[in-house]
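If you read the sequence shown in the numbering used here, its first letter stands for residue 95, the second for the next number, and so on.
Derived by calculation from the structure, the hints in this document are not laboratory data.
Backbone N, C-alpha and C fix where the C-beta goes; we use that ideal spot for every residue, glycine too.
Misleading hints may appear alongside valid ones.
[What the hints assert, rightly or not] Okay, derived cross-link-like pairs now, DMTMM-like style, lysine to aspartate or glutamate, Cα gap no bigger than 20 Å in a straight line:
1) LYS156 x GLU105
2) LYS142 x ASP193
3) LYS155 x ASP191
4) LYS142 x GLU175
5) LYS156 x GLU183
6) LYS179 x GLU222
7) LYS189 x GLU222
8) LYS155 x ASP193
9) LYS208 x ASP191
10) LYS155 x GLU183
11) LYS163 x ASP191
12) LYS108 x GLU125
13) LYS142 x ASP191
14) LYS156 x ASP116
15) LYS163 x GLU125
16) LYS155 x GLU125
17) LYS189 x GLU175
18) LYS205 x GLU166
19) LYS205 x ASP193
20) LYS108 x ASP131
21) LYS155 x ASP131
22) LYS142 x GLU125
23) LYS163 x ASP193
24) LYS120 x GLU105
25) LYS179 x GLU204
26) LYS163 x GLU175
27) LYS179 x ASP131
28) LYS120 x ASP131
29) LYS156 x ASP212
30) LYS189 x ASP212
31) LYS155 x GLU105
32) LYS163 x ASP131
33) LYS208 x ASP193
[Said to hold, decoys possible] Taking CB as the label site, the calculated pair distances span:
34) LYS142 x SER211: 38 to 46 Å
35) GLU125 x MET95: 17 to 25 Å
36) SER211 x PRO104: 34 to 42 Å
37) TRP117 x ASP193: 33 to 41 Å
38) ARG151 x GLN127: 19 to 27 Å
39) SER211 x PRO123: 28 to 36 Å
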Amino acid sequence: MDNALKAINPELRKMSSSQAADWLLKTYPVEGQNYGDAIQLISHLSWKQADQIRLARHYLKKIPFASSKVYEVFASFMSFELFVKVLQEQLPINKSDIDLLLYHLRPVLEKYAKTSSDHVLINSFIAELT
């Protein structure tokens, strides 16, 4: 995280989860070139579940990503089932993008799947894509 983002982080921590989410969504829209800054900030804060969903729905609109970073950030603090649900909401994506999506997302899903029902959910999600 660069110094500018390090300076923003304490200010966001002073806000409620909802206020911080509102600020990020307004300041770093997914359509903007610097939305990656929001992803960095998101990973350093705690979020209420409703704000997790809002942020994930907004920033995961751009799937597929060229790396696993965005998936990792959201999977690290969201419940597994909720994370997959938000991903499913972003479908369908172009068939040509599915390979890229799975290339970066599958390892993240496998890393964060903890129960047999999580693994069933992974299989179902992948089957939906292919």
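Status of each hint after checking the structure:
no.: 1; hint: LYS156 x GLU105; result: violated (27 Å)
no.: 2; hint: LYS142 x ASP193; result: violated (32 Å)
no.: 3; hint: LYS155 x ASP191; result: holds (13 Å)
no.: 4; hint: LYS142 x GLU175; result: holds (16 Å)
no.: 5; hint: LYS156 x GLU183; result: holds (12 Å)
no.: 6; hint: LYS179 x GLU222; result: holds (12 Å)
no.: 7; hint: LYS189 x GLU222; result: holds (12 Å)
no.: 8; hint: LYS155 x ASP193; result: holds (17 Å)
no.: 9; hint: LYS208 x ASP191; result: violated (27 Å)
no.: 10; hint: LYS155 x GLU183; result: holds (9 Å)
no.: 11; hint: LYS163 x ASP191; result: holds (17 Å)
no.: 12; hint: LYS108 x GLU125; result: violated (26 Å)
no.: 13; hint: LYS142 x ASP191; result: violated (31 Å)
no.: 14; hint: LYS156 x ASP116; result: holds (19 Å)
no.: 15; hint: LYS163 x GLU125; result: holds (18 Å)
no.: 16; hint: LYS155 x GLU125; result: holds (9 Å)
no.: 17; hint: LYS189 x GLU175; result: violated (24 Å)
no.: 18; hint: LYS205 x GLU166; result: holds (9 Å)
no.: 19; hint: LYS205 x ASP193; result: holds (19 Å)
no.: 20; hint: LYS108 x ASP131; result: holds (18 Å)
no.: 21; hint: LYS155 x ASP131; result: holds (16 Å)
no.: 22; hint: LYS142 x GLU125; result: violated (24 Å)
no.: 23; hint: LYS163 x ASP193; result: holds (17 Å)
no.: 24; hint: LYS120 x GLU105; result: holds (15 Å)
no.: 25; hint: LYS179 x GLU204; result: holds (16 Å)
no.: 26; hint: LYS163 x GLU175; result: holds (19 Å)
no.: 27; hint: LYS179 x ASP131; result: violated (24 Å)
no.: 28; hint: LYS120 x ASP131; result: holds (13 Å)
no.: 29; hint: LYS156 x ASP212; result: violated (24 Å)
no.: 30; hint: LYS189 x ASP212; result: violated (24 Å)
no.: 31; hint: LYS155 x GLU105; result: violated (26 Å)
no.: 32; hint: LYS163 x ASP131; result: holds (12 Å)
no.: 33; hint: LYS208 x ASP193; result: violated (24 Å)
no.: 34; hint: LYS142 x SER211: 38 to 46 Å; result: violated (24 Å)
no.: 35; hint: GLU125 x MET95: 17 to 25 Å; result: holds (22 Å)
no.: 36; hint: SER211 x PRO104: 34 to 42 Å; result: holds (38 Å)
no.: 37; hint: TRP117 x ASP193: 33 to 41 Å; result: holds (35 Å)
no.: 38; hint: ARG151 x GLN127: 19 to 27 Å; result: holds (20 Å)
no.: 39; hint: SER211 x PRO123: 28 to 36 Å; result: holds (35 Å)
Violation of the numbered hints given earlier is confined to hints 1, 2, 9, 12, 13, 17, 22, 27, 29, 30, 31, 33 and 34; the remaining hints are satisfied by the structure.
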